[in-house]
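Student: Residue-level listing of the chains:
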Amino acid sequence: MERECIEIRWHGRGGQGAITAAKIVAKAMFAAGYTGVAMIPTFGTERRGAPVFTSLKVSKDKIFDLSPTTRPDIVVVLDYLLLEEVDVASGLKKDGLIVINSPRQPANYSFNGRKIAVADVTDLSVRAGLPAGVVNSGIIGAFAKAAHFVAMDGLTSAIEEEFSGRRPKENARAALLCYENTIIGGPR
Amino acid sequence: MQVIESGNVAAALGVKLARARVIAAYPITPQTPLTEKLSEYIESGEMDAEYIPVESEHSALAVCIAAASTGARAFTATSANGLLYMHEQIHWAAGARLPLVMCVVNRGVGAPWTVWNDHQDSISQRDTGWIQLYANDHQQIIDTVLKAFLLAEEVMVPVMVCYDGYLLSHTYMPFDVPDSSLTDRFLPPYNPAYSLDPKRPANLNTVTLPDVRPDIRGDMAHGYMEIRYLLHKSMLDAIPALKKIDERFASVFGRGGAPFIEPYLCEDAEYVAVSLGSLSYHLRDVVDMLRGEGIKAGVMSVHLYRPFPAEIIAQALSSCRGVIIFEKALSYGYQGALTSDIKSALYRHTQDSSARPSIVNYILGLGGREIATHHLYEAFKSSCSPDGMKGEETRWIGLKF
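For the protein sequence lines, the chains are A and B, in the order given. Note that our numbering numbers the first sequence so that position 182 is 186, with each residue one more than the last. Note that our numbering numbers the second sequence so that position 145 is 151, with each residue one more than the last.
Hints in this document: simulated from the structure, not taken from any laboratory. The reader is advised that the hints may include incorrect statements.
Claimed, not checked - Quick list of in silico lysine to aspartate or glutamate cross-link-like pairs, EDC-like style, CA-CA up to 20 Å:
#1 A/K64 x B/D294
#2 A/K64 x A/D77
#3 A/K66 x B/E11
#4 A/K119 x A/D91
#5 A/K66 x B/D291
#6 A/K64 x B/D291
Chain A on its own, in the form it takes in the complex:
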């Protein structure tokens, strides 16, 4: 009897804020009634800029398995160039979803029929007033648009709380802009 659990793997680069993004989603989903939440970063000996990932497990029941996810329902990629370095779709379920920060269209990608969502988070975040390179608030908007697990207003308030004193409004605006500009490509 396996507990019903949504597993989301976040791929980024050291220092890019994938853990913060996953933590914000964890908080919003907990507030939305998922009492079992565990966000489990996997640590190697990486340095700034190196590929990193973290696993977010969300359930109605307490999470007891704190090992990294190997069968994610959703994969979120904070930098499309990671696709050249890391097998980000490894273990992604057949009906899974992959969300990518990329200037390219979904049609440029193929993951064996998995649903693909793309937003140019890097560009949209600058337009929202953030310094170049901050993408961890914006990617949450793209995730919310594609995954429907949690409402945007819950996420923007979680974003403002997390970035309190560090451009909270701009970070929330970045998430909203990305939400509005996420392009979803169906299975092909």
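Here the structure of chain A is known, so what remains is to put chain B in place on it, guided by the hints.
Tutor: Structure of chain B alone, referenced to chain A:
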């Protein structure tokens, strides 16, 4: 207040709520964020304490020993080789009967160098005279830190609160942070019966002769052996003391009831897994899978490892057929230390030798080797039969040769 934070932050919040007055620590992965958080609380004025930076773990504990000798509530934290570097002072703190609390954020020990989780560091400190408590999740980390101060001060024995590096220290999960008005009620300020004071100079723990002898006032003073016996007796007293503290904690915060062991589906179980820390919770998923197949399985977390609640553990296990002990540490050349302790408890406390359960010991997860649910499932299930319990007693999971 419910928060979602890391296990290290849960520990730091517990120490802040306990109103520790002196913190001395040296950074080491994966403990570092805990002491960094405490230094932030002190710097911002949220916590009224002295943070004393030191050049090593040995000095960190020496500072805490000095602070506690003057009557201050003191705290430190470390991991792995940092803990081992403290080793001489760890014995000293227990012998000096100082009620320190230390978080051990469990990590494998070098050589070869590793930063990842296992339990070899704290298990290797088993015989130092410290109380050892293991937490399974973030709620237990913060709650155990609070209880640890009270326990230490009640029996005058230092306490290690052990929790898994990365798996708990760096994982984020929800937990309740109790209100300080309640924690102050639960844990009053530390008022030692005796403390060092420059106005009353004293020499503590100097050379103590093998035999008893009259002291400076002519009263008979303990010899070394009496002092050691009293430490052992206080350790045993910590078992009923922890039970009372846990009951008091439950009456204030509504959580508790499992101060020594935490059984899951053990009542009618034929095969019971036993483990320390977050692994014992992971095994609950496996127990659910085995129950789904009709196998009467259960799992027991050992929360209090020293003093060892031998009678309680033996009673909990005496009616099952097999005990399967999963350990992230071992006594090289023999077996896991928890396995030896459980076998010894069953030998002493089950009168009918033919009714004693069989024992299997799995060694796994050393140096952060991944423990997947299916590894646990395969090992656990293969042991759930009389034949499965036969053969090698100590078996390794996940070796790749």
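Student: Compare the structure with the hints numbered earlier in the document and write down the numbers of the violated ones, lowest to highest.
Tutor: none
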